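Listed here are the chains, written in short residue letters.
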Amino acid sequence: MTSSRKMLRGLLASLLVLSGLALAACSSNGGKTSTTTASQVTGSSGETSTSAADQPKYGGTLRWGWDDEPTNLDPVVPTDNWAIWTILNVFQQLVRSNKDGTGVEPYLAEKWELASDNVTWTFHLRDGATFSDGKPVTADDVVYSLERARGKTSSYSSFFSSIASVKSPDPRTVVITTAQPYAALLPTLAFFPASIVPKAVVEKDPKAFGDRPVGSGPYAVSSWERGTKLVLTKNQYFKMGSGPYLDGVEFVRVPEANTRLLQLEAGDLDVVRPVPFTSLATYEHNPDFGVLTPTIMRVDWLVLNVKRDPFTDVKIRQAINYAIDKEAIIKSLYAGFGSPANSILPKVPGWDESVTGYSHDLAKAKQLMAESTRPNGFKATLTFWTGEDTSPQLAQVVKQNLAAIGIDVTIQSYEFTAAMDKASKGEIDIFQGYITSDLADADELATLVFDPNAGTNSLFSFWDNAQATALNNSAKGEMDLVKRKQMYVDAQNIAVTDAPFVPLIYPTDAAVRSKAVQGLSILPTSNYRLEEIWLDK
Amino acid sequence: MKRLRYIGWRLVQMIPVLLGATIVLFLMVRALPGDPAATLLGVHATPEQLAQLREHMGLDRPIPVQYALFLRDLVTGNLGESLTMRTSVGGLIWDRIGTTLLLVGMTVAMSVGLAVPLAALAALTRDRSPDKTIRLGMTLGMGMPQFWVALLLMLIFSITLHLLPVAGYGDSFPGHVQHLILPALTLALSMAAILTRPLRADIIRVMQSGFVEVAQAKGVRTFRLLSRHVMRNAVIGTITILGVQVGWLLSGTVVVEVIFALPGLGSLLTRSVLSRDYPTIQGVAFVFVVLVLLVNLITDVVYSYLDPRVKLG
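Line by line, the protein sequences give chains A and B.
Under numbering that gives the first Met the number 0, the first residue of the first sequence is numbered 0, with each subsequent residue one higher.
Under numbering that gives the first Met the number 0, the first residue of the second sequence is numbered 0, with each subsequent residue one higher.
Check before you lean on any hint, since a few could be wrong.
[As the list claims (entries may be wrong)] Pairs of lysine to aspartate or glutamate, EDC-like flavour, derived with a Cα cap of 20 Å:
1. A:K151 <-> B:D59
2. A:K228 <-> B:D170
3. A:K206 <-> B:D94
4. A:K151 <-> B:E47
5. A:K206 <-> B:D170
6. A:K424 <-> B:E47
7. A:K514 <-> A:E283
8. A:K98 <-> A:E414
9. A:K421 <-> B:D34
Hints are computed from structural coordinates only; laboratory data are not their basis.
Every value quoted in this text rests on a predicted model; they were computed, and no experiment measured them.
Put together the whole structure using the sequences plus the hints.
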């Protein structure tokens with residue numbers, strides 16, 4: 000029928016016109032694309048981005064794409080990594096973690112002394128520290144903040160249980176007394192719940208403080224659209240060093256890694272973190288971007304439930320340790336980044352390379368199995384929590400490694416909360432996961448691992464070694480650095496011999512920046528100092 | 000007048016349904032393994048800290064008491080406070096509902112905009128190449144995973160053609176609309192695929208009926224024939240499907256919200272489930288139930304407008 004054919008053409012034509020109009024109506028966002036050149040210039044893969052030896056430029060706004068966002072910015076409320084990193088830039092603490100992860104450096108306190116009784120610490124506050132609302136930071140605020148950190152409303156009070164009292168004899172001095180000598184006090188004071196808050200503002204409206212915090216750090220929260228964007232602006236009163244350089248930083252929440260990277264390429268973002276290891280290669284040789292893979296205080300492990308048959312047999316546990324090929328894991332899963340783990344502690348002060356871990360030795364593993372209570376192998380389940388990129392593949396590699404010594408592994412995964420639930424009830428055979436240290440000190444993780452009564456039954460292994468626990472307890476109060484380190488090394492060696500744990504890898508962090516971003520570095524404690532970053536534009 | 004009474008009666012009928020929904024939600028959420036306090040405090044928590052936080056969260060009281068308190072607050076419009084974010088659940092939902100509704104609205108507009116002409120074209124060229132191509136396209140459209148389609152659209156329209164932003168939500172209303180084009184298109188492609196087949200079949204069926212023959216004999220041109228006579232009858236079945244699809248869409252936007260970093264209800268629900276944030280889960284799920292019931296009501300009312308033979312109530 001002629002009319003319907005005409006109508007057909009009309010329909011087709013209108014479809015085309017409509018789609019053309021639709022495309023044209025959308026204004027271009029002017030995104031820039033980077034072209035991948037064939038040049039073999041290696042991008043920076045160290046801890047700091049290479050600066051062109053220019054003078055830092057002031058101004059500009061940095062757009063940072065992260066995979067989630069803080070839940071709450073009140074330092075003592077339960078917090079997540081994104082909150083922690085933000086809190087460490089918005090607030091100051093008496094001391095802060097230094098850049099090489101060996102300890103702390105002065106921050107709000109410019110110097111301190113420990114009395115000969117080993118329990119009285121006197122801190123002298125620096126001049127001129129000011130909150131972003133213009134009010135000066137006083138010793139009263141410090142006392143208030145620390146009491147709050149160890150008080151009832153704080154979720155982190157147990158970290159400060161070593162503190163007996165906090166007093167201020169004069170407006171520039173704070174005296175902290177510990178119940179017993181506590182070697183890790185300084186790193187504990189660098190811990191984010193110990194951030195100094197303005198007493199007047201918090202007391203006025205404690206609930207609102209988590210949304211609208213006020214601190215004396217280099218940046219202040221200027222706006223926060225939950226789920227979308229957190230905007231920080233320069234704290235004009237912050238005076239330490241020559242920073243902050245950037246006028247502001249926008250943290251944009253983009254949960255999907257591919258999207259983040261596409262936005263970086265389109266020029267919508269300047270920094271992206273985290274980045275899947277398998278994607279890093281694309282950017283390493285691209286002169287428009289820089290890659291950061293700093294060492295952080297993290298260890299990926301397997302934990303064996305020593306109360307469950309047959310993991311009660313130490314030979315089996317040792318065999319498992321020998322059977323895992325860590326180098327292969329690093330190559331295939333972490334794109335070559337990271338190093339094999341020799342100890343259940345990550346690279347915190349107290350870790351040492353002298354702790355002899357297990358090498359990959361299949362012959363020894365088989366021999367140990369032959370001498371064990373299960374020479375013909377056995378079946379076991381491996382459990383990990385979901386939500387991590389590399390977990391499923393890691394589980395597969397472990398399964399293969401253990402199959403070679405006769406252990407038939409079934410893999411199971413649960414969502415994080417459910418997995419933790421099972422682990423704490425002792426319902427798991429082999430638990431695969433990782434842990435990071437929040438303190439630039441061994442105390443936090445060593446206590447978790449060597450003290451079965453610290454809340455996790457020795458990281459869900461239900462391992463109970465009186466000697467290791469005693470060493471950990473002594474190390475807490477040992478002020479002599481050399482002696483203290485030796486105690487941790489001894490405890491780690493006991494853990495290696497007894498083998499309730501199978502430390503796997505020390506992975507690195509992974510971030511990509513556009514070439515204009517200078518001065519960005521990620522510390523071993525996984526946080527970053529925004530006041531050091533500047534844009535070369 | 001009758002319609003208004005019908006609508007009023009339907010709204011009243013919603014109340015027992017909502018009540019039932021709250022009970023189911025309340026119990027289901029608490030049946031999940033893992034507890035909010037442990038999730039928040041993490042591995043480092045001591046038993047004392049956990050007990051203290053649970054008390055703070057009100058989780059140590061018996062379940063019927065918790066439920067009664069929840070209902071009491073709900074009736075006054077208070078959806079409670081998020082356990083993890085310590086901010087009002089109502090506020091969180093209010094901030095995000097606009098995004099989800101705008102996304103759903105644009106998706107429906109795009110899917111209808113795609114489905115109607117494609118179905119008409121397919122019906123008119125029945126069994127010839129345009130029809131076959133369209134049917135093949137629709138089958139593919141239903142099968143393609145959203146994740147993949149989204150990334151493909153980003154690569155084409157944002158990275159290569161620089162026409163649209165990669166992700167995010169933008170600042171002003173026009174910005175929002177611009178940022179939602181790709182997400183809505185991702186969803187609309189599969190929805191259009193689902194709508195086109197039945198609509199095509201209905202158009203064919205209606206075209207074969209007596210009154211259409213009469214109209215054609217009278218010399219009515221095809222376009223007018225379709226728009227004035229055929230469509231009104233053909234869309235009825237598809238409207239029902241559309242109503243169901245919109246109900247699904249309300250919570251089915253999660254994947255798209257995550258990929259395109261949109262601050263909508265779907266991603267809020269995901270985050271709160273993962274952190275066992277009971278009040279937020281309850282609040283968002285409850286709002287979804289209300290929206291789905293409203294969509295069903297609207298579908299039925301639209302139905303009655305399209306087909307005067309349908310008696311309401």
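- request: Check each numbered hint from earlier against the structure, then list the numbers of those it violates in ascending order.
  value: 5, 8
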